[in-house]
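Student: The lines below spell out each chain.
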Amino acid sequence: MSKVRVLAGTKKGAFILEADGKREKWDVSGPHFTGWEIYHMKGSPADPNRIYASQTSGWFGQIIQRSSDGGKTWETPGGGPQKSPQGWPMGESNKFVYDTSAETGKPLTTHQFYDGSQHPWEFKRVWHLEPSLADPDTVYAGIEDAAIFRSTDGAHSWQELSGLRGHGTGPKWQPGAGGMCLHTIILNPNDQIVVAISAAGAFRSDDGGRSWKPINRGLRSQYIPDPNAEVGHCVHHIARNASRPKVLFMQKHWDVMRSDDAGDNWREVSGNLPTDFGFCIDVHAHEPETVYVVPIKSDSEHFPLEGKLRVYRSRAGGNEWEELTNGLPQSNCYVNVLRDAMAVDSLDKCGIYFGTTGGQVYASADAGDSWTAIVHDLPPVLSVEVQTLP
Amino acid sequence: MIRVELPYHLRKLARVDGEVLLEIAGAVTQRSVLDALEARYPMLRGTIRDHVTLQRRAFLRFFACQQDLSHESPDAPLPDAVASGAEPFMVIGAIAGG
Chain A
1 MSKVRVLAGT KKGAFILEAD GKREKWDVSG PHFTGWEIYH MKGSPADPNR IYASQTSGWF
61 GQIIQRSSDG GKTWETPGGG PQKSPQGWPM GESNKFVYDT SAETGKPLTT HQFYDGSQHP
121 WEFKRVWHLE PSLADPDTVY AGIEDAAIFR STDGAHSWQE LSGLRGHGTG PKWQPGAGGM
181 CLHTIILNPN DQIVVAISAA GAFRSDDGGR SWKPINRGLR SQYIPDPNAE VGHCVHHIAR
241 NASRPKVLFM QKHWDVMRSD DAGDNWREVS GNLPTDFGFC IDVHAHEPET VYVVPIKSDS
301 EHFPLEGKLR VYRSRAGGNE WEELTNGLPQ SNCYVNVLRD AMAVDSLDKC GIYFGTTGGQ
361 VYASADAGDS WTAIVHDLPP VLSVEVQTLP
Chain B
1 MIRVELPYHL RKLARVDGEV LLEIAGAVTQ RSVLDALEAR YPMLRGTIRD HVTLQRRAFL
61 RFFACQQDLS HESPDAPLPD AVASGAEPFM VIGAIAGG
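Here the protein sequences come in this chain order: A and B. Sequential numbering of the first sequence, starting at 1, is according to this note's numbering. Sequential numbering of the second sequence, starting at 1, is according to this note's numbering.
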């Protein structure tokens, strides 16, 4: 029988929750990396035992962890005693250095800061890790300050795909309230990569990350001087069903959006949502027109409307939304659901999962019709990913 | 032998218990101690000093012999008591949070 493994990154460590295909009884392991913020964990589609984790701390900086046995044991790639030919240690796994060389892009040194001035790019942390579809040793990292890096040696060493920052709009990017982070990476088999940055917008590469262009036409954001600007939009998350890579769904700061042409054009599909502010969005594994969001009251009140935690589902690719409340708290609930904290499994009856800043991870084994908290009292949940195992 | 005391999270990351003992050839300075520490425990690279600039991370301090040495030159000799192993070189995480 198939199994499901849920990877929950929290403010104080990582947790791994496993169940069989019924998704009724859950085994919880953790906390791993106790006391550290785990911004994201994700398993390799090519080897489900290979999991990468972003472990970060305001005191000690960024650590990349890697497991080759499904999360039972972990190592810091390159963290062991290795020697270069010169005899110096080669532990480089946590080293993210922006590319400023003239050969591979343009030497970029500044972006727009909160006050409108230009500010140097400074590495802060890894928000998102996206393993390659085909190679367990290749993994992409979304960075704050916004950039994308790639490792092809299992996270021993990292190189920036500097064409993203170098394509021309970088000096206009600016941080959102959470920092200037590249938080979404979508890989397609045809060398296409879609990323999203707060607050710059969405960008796409059609050549494996060498060259990039903004894909924000149709986004409208009242909080920037030109609401229809090419960049500057605070995109919170993008999701798609792998069978239809050109159809993208976006939760923007405000507005739920849809593109049918891989991001070239967007249109709003907020429809009858009670509020279209939110962070997370995801798509059913087998029904590419079925989309899930968790509406949040507003940009200044990051909790559900009326204290009722409700997932909204559209079976029509947007515009027409139904509320899903069975099993979710319907009074006095003031948690948030962050941008990377929703995921879906690929079992026949698609499972939907999301984590809250109140420490709950909710699961639905029936595509959202009913929900159960599979854990109640974790630290605030930063991210949720799911692996469907044979 | 130089004795180095690491904060809890770095001890766990390096998988060590208690103090770290390091052999230093030549002058005993912040730089030579941290170079030796990172050579033996490469997973600590970037956690105490920035990978590129080698500047001390903002929320860490260096103490020894009841002195705060955080703002001393990285190439200044550490106190004799540290060089002789009588006192540890301490990497301290700033008190913060809630």
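Heads up, a few of these hints could be off.
[Unchecked claim] Think about it this way: if two alpha-carbon atoms lie no more than 16 Å apart in a straight line, the pair counts; the simulated EDC-like pairs of lysine to aspartate or glutamate are:
(1) K95/A - D17/B
(2) K3/A - E24/A
(3) K95/A - E5/B
(4) K213/A - E287/A
(5) K3/A - E230/A
(6) K3/A - D27/A
(7) K12/B - E230/A
(8) K213/A - E230/A
(9) K72/A - D27/A
(10) K12/B - D47/A
(11) K12/A - E37/A
(12) K72/A - E18/A
(13) K124/A - D50/B
(14) K3/A - D47/A
(15) K246/A - D191/A
Hints were generated in silico from the structure; no laboratory data involved.
Student: Does each hint fit the structure? Answer for all of them.
Tutor: Against the structure, the hints:
1. Between K95/A and D17/B the alpha-carbon distance is near 25 Å, which puts this suggested pair outside the 16 Å criterion.
2. With a C-alpha separation of about 11 Å, the suggested pair K3/A and E24/A falls inside the 16 Å cut-off, and the hint holds.
3. Annotation: proposed proximity of K95/A to E5/B is violated, straight-line Cα distance about 24 Å (limit 16 Å).
4. A threshold of 16 Å between alpha carbons decides the hint, and for K213/A with E287/A the separation of about 29 Å lies outside it, so the pair is violated.
5. Distance restraint check for K3/A and E230/A: the Cα-Cα separation of roughly 43 Å exceeds the 16 Å cut-off, and the hinted pair is therefore not satisfied.
6. For the suggested pair K3/A and D27/A, the alpha carbons sit about 12 Å apart, so the restraint of at most 16 Å is met.
7. With a C-alpha separation of about 46 Å, the suggested pair K12/B and E230/A falls outside the 16 Å cut-off, and the hint is violated.
8. Restraint check for K213/A and E230/A: the C-alpha separation of about 10 Å stays at or below 16 Å, so the hint holds.
9. Our distance criterion of 16 Å between C-alpha atoms is met by K72/A and D27/A, whose separation comes to about 13 Å.
10. For the hint pairing K12/B with D47/A, the CA-to-CA distance comes to about 28 Å; that exceeds 16 Å, so the pair is violated.
11. Between K12/A and E37/A, the direct Cα distance comes to roughly 5 Å. Compliance with the 16 Å bound is thereby established for this hinted pair.
12. About 12 Å separates the Cα atoms of K72/A and E18/A, which keeps this hinted pair within 16 Å; it holds.
13. Between K124/A and D50/B the alpha-carbon distance is near 11 Å, which keeps this suggested pair within the 16 Å criterion.
14. At most 16 Å may separate the alpha-carbon atoms for a hinted pair to count; K3/A and D47/A meet this at roughly 15 Å.
15. For the suggested pair K246/A and D191/A, the alpha carbons sit about 13 Å apart, so the restraint of at most 16 Å is met.
Going down the numbered hints, you'll see the structure goes against 1, 3, 4, 5, 7, 10, while the others check out.
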